[in-house]
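Could you put the whole structure together from the sequences, leaning on the hints where they help?
So the sequence lines, in the order shown, correspond to chains A and B.
Reminder that position 166 of the first sequence reads as 166 in this note's numbering, one-by-one numbering, no gaps.
Reminder that position 27 of the second sequence reads as 27 in this note's numbering, one-by-one numbering, no gaps.
Quick caveat, the hints were computed from the structure, so don't treat them as lab data.
If you're wondering where the values come from, they're calculated on a predicted model, not measured in any experiment.
You can take every hint at face value.
Cut-off 27 Å, straight-line C-alpha distance, at most; resulting in silico cross-link-like pairs (DSSO-like, lysine-lysine): (1) Lys71(A) - Lys127(A); (2) Lys157(B) - Lys201(A); (3) Lys204(A) - Lys157(B); (4) Lys91(B) - Lys71(A).
Listed next, the stretches of chain A that the computed footprint assigns to chain B, with coverage defined by at least 3 CB atoms under 8 Å from CB atoms of chain B: (5) 22-32; (6) 77-88; (7) 100-109; (8) 182-191; (9) 195-201.
Even glycine gets a Cβ: it sits at the ideal position worked out from N, Cα and C.
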Amino acid sequence: MNQVQTTNRSAEEFLKGLWKENPVFVAVLGMCPTLAVTNTAINSLAMGLATAFVLVFSSLLVSSFRKLIPKQVRITAFIIIIATFVTVVDFMLAAIVPQVHKELGAFIALIVVNCLILGRQEAFSSKNPVGLAMADALGMSAGFTFALLSIGSIREILGSGSLFNIPLFGSGFEPWVIMVLPPGGFFTLGFLLLFFNWLQKRRKAQMRATPSTVKP
Amino acid sequence: MQELIWIFVSALLINNFTLAYFLGICPFLGVSGRLDTAFRLGLANIFVMLITALCSWALNTYILPYAPYLRLISFIIVIASTVQLVEMAIKKISPELFRALGIFLPLITTNCAILGLALFATNKGYNLVEGLFFALGAGGGVTLALVLMAGIREEMKVLDIPKLVEGTALNLIIAGILSMAFMGFAGLFSAS
Chain A
1 MNQVQTTNRS AEEFLKGLWK ENPVFVAVLG MCPTLAVTNT AINSLAMGLA
51 TAFVLVFSSL LVSSFRKLIP KQVRITAFII IIATFVTVVD FMLAAIVPQV
101 HKELGAFIAL IVVNCLILGR QEAFSSKNPV GLAMADALGM SAGFTFALLS
151 IGSIREILGS GSLFNIPLFG SGFEPWVIMV LPPGGFFTLG FLLLFFNWLQ
201 KRRKAQMRAT PSTVKP
Chain B
1 MQELIWIFVS ALLINNFTLA YFLGICPFLG VSGRLDTAFR LGLANIFVML
51 ITALCSWALN TYILPYAPYL RLISFIIVIA STVQLVEMAI KKISPELFRA
101 LGIFLPLITT NCAILGLALF ATNKGYNLVE GLFFALGAGG GVTLALVLMA
151 GIREEMKVLD IPKLVEGTAL NLIIAGILSM AFMGFAGLFS AS
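Printed below as a string of structure tokens:
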């Protein structure tokens, strides 16, 4: 009877992760992989996809078992589920793309402590049916991967003058080495957040100018 | 002995957990508003890291050779429960110490820095003593970063900062500058 409504709700849950509640740019969650492995676009993409895999499957499991997991031990249960999938992804990457696995190193294992994943289980998957939880997890993963990829691309373009290892500029380009080193991660995210703050402020100012049009 | 000192200095300054490996960024950005809170959080970090080093060494030596795929799960569960146990013991033995560190312990049990320490120590194949020195250096490094950040943020309270820049964005940029300063320590190794 309310098929349309359900689809709409799922689409909404998916889209909010992508933009309005973007885990990195808005909620500032999962900082440690966001900054540590985004020195090239390929590493960022691999980290984004690995996190997406863990998030989606953990959400699936947590949401399916949400009535069976006792409230008192839920966090422990979530962590065990998450750690299991991280172990899976760790071995999978080592088998499929050993080069990337070597570069990401311990940071693959550190997906376990990514607050984004535990946060979604606690805030959403443990309270909602499987369909919605999947939409939410997919949206959040897409948002996270998008954020990582944009940071990674910026850092790789500025820091080594290439994107996905394809050189973009001629040989005259002097790479801005600091961008691929640790400080570059802080700077890139800092300035991106600044940019989003500015966008938001501008939108608010516009809304105030024409108050009758939109209500949040 | 010299080896141990190098492990300590390297974890403390050159490969600073917060500023070079980005571990423990959440408390670094969240709890660095006041100097004394930051310092106590740092101390709690050192404390938990020492326990972690002990646990991960024991697990690596006695259990994980038989079941390597259980590494992550067993690290997390054992570290979290040991910290909980020690917390209860401290509460009983020294309520004063508990008041100083207690509230931070649940916050940092198995955050990225703690698990990162266990994983790095495993990857590098440290023995117990090396692991403890590594933990001491890493914890000291986290404390140092937290205290520096808190000091800067306390000073910033009296400055006139544009509304737009305030908050996480500015903190990240400051962290970037701190991180750049710490890169200078990389020269320590080649000089010797």
